[in-house]
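With the hints as your guide, set chains B and C onto chain A.
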Amino acid sequence: MLARLANQRPLFRRADAPALFAGAFLAVPILAAIIPGILFGGGEAWTHIANTLLGTYALTSIGTLFLTGLLILLIAVPAAWLVTMYDFPGRGLFEWILILPLAAPGYVFAYAYADIMGVAGPLQSLLRDVSGLTARDYWFPDIRSLPGLATVLALTLYPYVYLTARAGFISGSICTQEAARSLGASPTRTFWSVALPTARPAIIAGLALALMEAAADYGAAEFLGVPTLTFGIVRAWGSFGDPAVAARLALVLLTLILTLTWIERFSRGHRGSQQSSSKWRPLARIRLTGLSALTPALFCAAIALIGFVLPVGRLIWLSMEASEHVAPVMGAFRNTLILASGGAALAFILAVIVALTIRNASLSSRFARLATASGYAIPGAVLALGGLFILKTLGLSLTGFAALFILIWVYAARFASAGTEPLQAALARAPVSIDHAARSLGAGPLKRAIKVDLPIAMSGAAAGALILFVEVLKELPATLMLRPMNWDTLSVKAYAYASDERLAAAALPSLLITLAGLGPVLLLSWRLSRARVSDRA
Amino acid sequence: MRFMPPLAAVAIIALAACGASQDASTQKTAVQPNGQKLNIYSARHYDSDRLLYKTFEDETGIKVNFRESGASQLLETMKAEGENSPADVIIASDAGTLYRFQDASLTQPIESDTLTSAIPPHFREENGNWFGLAKRARVIVYDPARLNPKDVDEYTDLADGKLQGELCMRSSTNIYNLSLMGELIGRLGEDGAAAWTRSVVANFARPPQGGDTAQIESIAAGECSAALVNHYYWVRLAQSNAPAQRALTEKTRLSFPNQDTDGTHINVTAAAVAANAPNKTAAIQFIEFLTTPEGQALLTTETKEFPLVAGATLPSGLSDLPDFKESNYPLSQLGAAQAQAQAIYDRAGWN
Amino acid sequence: MTQFSALTTTNVSRSYDGTQIVSGVDLTLVPGTVTALLGKSGAGKSTLLRLLAGLEPVDSGEIKIGETVLSSPRKTTPPETRKIGLIFQDFALFPHLNAAQNIMFGLAHLPPPERKTRAAEWLARLDLSARAKAYPHELSGGEQQRIAIARALAPSPAAILMDEPFSGLDPSLRATVRTTALDTIREAGVPALLVTHDADEALSGADNIAIMDKGKILQQGPAQDIYLHPVSAKAASALGPINCLPVASLPADLLNGISGTGDSLVLRPEGITLTPNAPTSATITAIHFHGPHKRIMLDLNGTQLVCVSDHSTETTIGSQMGIALNPRAAFIFGSDDI
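Chains as they are written, first to last, in our numbering: chain A, 5 to 541; chain B, 425 to 775; chain C, 122 to 459.
Chain A on its own, in the form it takes in the complex (with noise of 0.2 Å):
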């Protein structure tokens, strides 16, 4: 099956077969959720959507993607920047602390902030027992809406652009930074004309991924009531009963994810982005004093306390007024840990397989990256509607073992994603004359993926594994419909007593959701700050 001639790439080699498999493997409930909405999905149910709500859908999802992905730059970029390029009071701090809202799935946010900015919530309250007023006589900015919802993702969703702009702007060669200065750039537009478009593959890189989270988000959509896409398509499939309907939902949501990727990737041009530096040089920070560094203080301290000291702190002032509710919320606790822990591990060798195919442009490589990039742009809904169609196509019941596995082949399916992205990171970083090194000395292409390759890309695992990790504690909707039976996960028990109306007891699920996510967060951080002493520029 090898090529006899240098330039013709046949079809399938066998050191394709992983790549080839692992993209089979991510691709099939991702079809079986899609095709019954090609082809079962028209009909009175969809007809009524397409002429009365499709169009208010799509409207919502776009302004929300497009206000969340604004306030995501306005508060990731400037913090990213100003906590890797000075030095002020309390920057340490912020710098760990600005990753932590990571830790919280959308939900749990939507449903703290409901509770905060509520008109029955401690803000409005006080403002009507000081001033007098009631409800309809002032106006306060009202959570349970499109800008609401877009701030609370923002919230939850900007440390991937806050970690990805870091990498970005340390990165970049300083040498740049201090070229432009020589040449007469203040520091505002040295950070307008070279680190900010240096560091721009970085952060688009880190938007997209946030993006992609905020469209597929349900649970926060649900909860506050904003018809987004992927919160018509489980209403649909609620109302009508028709789970066609809303797989064809998902098709238009992956369409437009896929069409916003298509416009980065064409904005990009044939610019260079790549530095030619191999020089190292360890970042020096310029210090501010007095007036000018309480203002970068400020900013983060306001990020962070608006972020996740208020949220958190709120959860936890609820959750002790609902301790009747602790005994069923432990178990869930166990079966949360196990459950993300395997899910994150299947999903890390898959996603170990396809990041090693970076170099590959063969057709199996291509395959498997592309049922990467659209597991992760379909809600956990439709592709838990997939698993059920293996199930049954399996002639299987939703029991024990065959559960469990249905569920974290559903996880993979939709995360790996997530776990490609920092090793394929790692690989890109190791330039392409090593790979030559490993030829000239014999070794194939499938010992050269495991033995040079994947070394390398195991600088990015633990990045991978934290955040696999962390992306399935938080999962909802493909949890609440697959888990074994007798199973209760955190995520389902917070939904379960916020969808009662039960807020104060959703607060402790929804703390231990955030507080399970927050070691790894943290590992995640701590790696990085070490990453940049010992890695190369």
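Check each hint, because a few of them may be wrong.
[To be verified] Some residues of chain A that are not near chain B, with every Cβ distance over 10 Å (derived):
#1 L24
#2 A62
#3 G523
[To be verified] Pair ranges (Cβ atoms, derived):
#4 A/N55 <-> B/Q683: 34 to 44 Å
#5 A/M462 <-> C/P343: 53 to 63 Å
#6 C/D319 <-> A/R193: 26 to 36 Å
By construction, these hints were calculated from the structure, which means they are not laboratory data.
All figures in this text were calculated on a predicted structure; none of them were measured in a lab.
Glycine is no exception: its CB is placed at the ideal position from the N, C-alpha and C atoms.
This is chains B and C only, laid out in the frame that chain A set:
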């Protein structure tokens, strides 16, 4: 190190598989387990239901397994499982939901004298496909400082121009609103129901948002003066440990509409036996258990629904409510009207 | 043309985390000349460059251009107002801008038409007009080097500082590119500093050399002067390999004509002349052919010496060969000068 993740995955999946097949509870049972099983697919998710399952286990020795999820999810799961579905009992909080299961041929007709004598005919499906077990009334909650009881004693009052800017509602997609609309369609005809909906929408103080509790909060804060809620949300607040929540019920009152006409809209928590139930006898036994005073109490004490079977104890808080006339609209018709109900809401702009 | 001023440092020091990196440095960069700052890694060269560039403040001393103080313990003029051009080892071209845009970056104070003209002029001068629209990753190393120079010179800076700018180039290109680059810089008429660890580069490319070791300047002056008259063994070794042996171990007549007092003899390889039949002789232990010359390892009473010689003398391994010393390449230092 490289092999850690895959090994860990295998280990964890194995561990989990053991856990999945194990008992969720580890306490001693009063009656020794007799090897029988019962699998419940429930669209409810109250902590008190766990106590219910466990009590049944203790008293009969039948091991109870449960899957709690949304109704649509359970429906799709059972359809995918087909004949292999382990589901024995289906429980849902709305008659319309059970209609969907029946319509999808996922239930089977049951004959049980216990059930037919305990449950009035309009609260169960005529062939025994499902049985109502607890009642929930959809009532009007209002601000007595702003509105007279007479202003809100009929559902049609909500469409009255007097109430312009005074109504708070939850989303129309919620099953409670859909079922109410089902009855309104039956009572007022499609055009009448559509007209009612349009007028109600014109009276909104704000766009529909939040759950039933949020509507009560809005009224207490002065944002509006009337809303539709299920009675038990209000009762739960009144019985709450948190003073802030009790305060909400001091500022609001419940009105049980249509006392002079057809009676207040009632829906039920109901149970059905699954079409392919592997443990049919246990399933019937369980549903019958739910009609006993003990079963009724376990079902309704925490949720504050009305027990359906005569002679059962009233959960605390419900005795403060007045006796009221219940509508006897055949609940089996609510499910069939659901799509139509949603369409009416959508066209009127009630999100 | 404008008269340019000298860039001087007076007793400049800088320490970091308790370690003295630069210590009491007096340096003068004369306009129109290239001064090489030569030393091993860790000598403090890059730090001194950063002090001159304004990227770091001085702890003590002053940096002036002409009479204007740029850095002092009290204030540091920031790089953006200091008007000193920088060229880096990795060129540091802005990857998102093409060649012409890179050059125009420092010309923001000029009206757009003039910016374009000046960039075009520089591209033409460096023979890169055809590559104006190319992005850095599309340029070869030598082309990037030239763009970096053009970018630094286009805003007519008052001085140019280069941090090992040629080490990233092909060795075969290095000499040519270096000549072109340094000629262009000299033409600009400003003081220029070339930080390097390569003695050959300093000797062939620079007008003046300043030798730096452990934060101090050991010696500075015209290249030839320093080569022929080092002040210490360390200064001598900075400019090329040396042989070092105690004076006491050598016959007195060998040391005739060699200047300096002390107990150590420092010899450059070319300082040992092969003189058959000379009174002192050493054993030839190895011969390495190097094209126009050869390197010969000698054993003189147990001390290993390296000698460079042309091919006029026959040499065989193992044989004895008489040696004499060339006073222009041999020096005697006291042990505290080592």
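Here's how the hints hold up against the structure:
1. L24: holds (19 Å)
2. A62: holds (16 Å)
3. G523: holds (16 Å)
4. A/N55 <-> B/Q683: 34 to 44 Å: holds (40 Å)
5. A/M462 <-> C/P343: 53 to 63 Å: Check passed, 54 Å falls within 53 to 63 Å.
6. C/D319 <-> A/R193: 26 to 36 Å: Once the Cβ atoms are compared, 35 Å apart, the range 26 to 36 Å for A/R193 and C/D319 holds.
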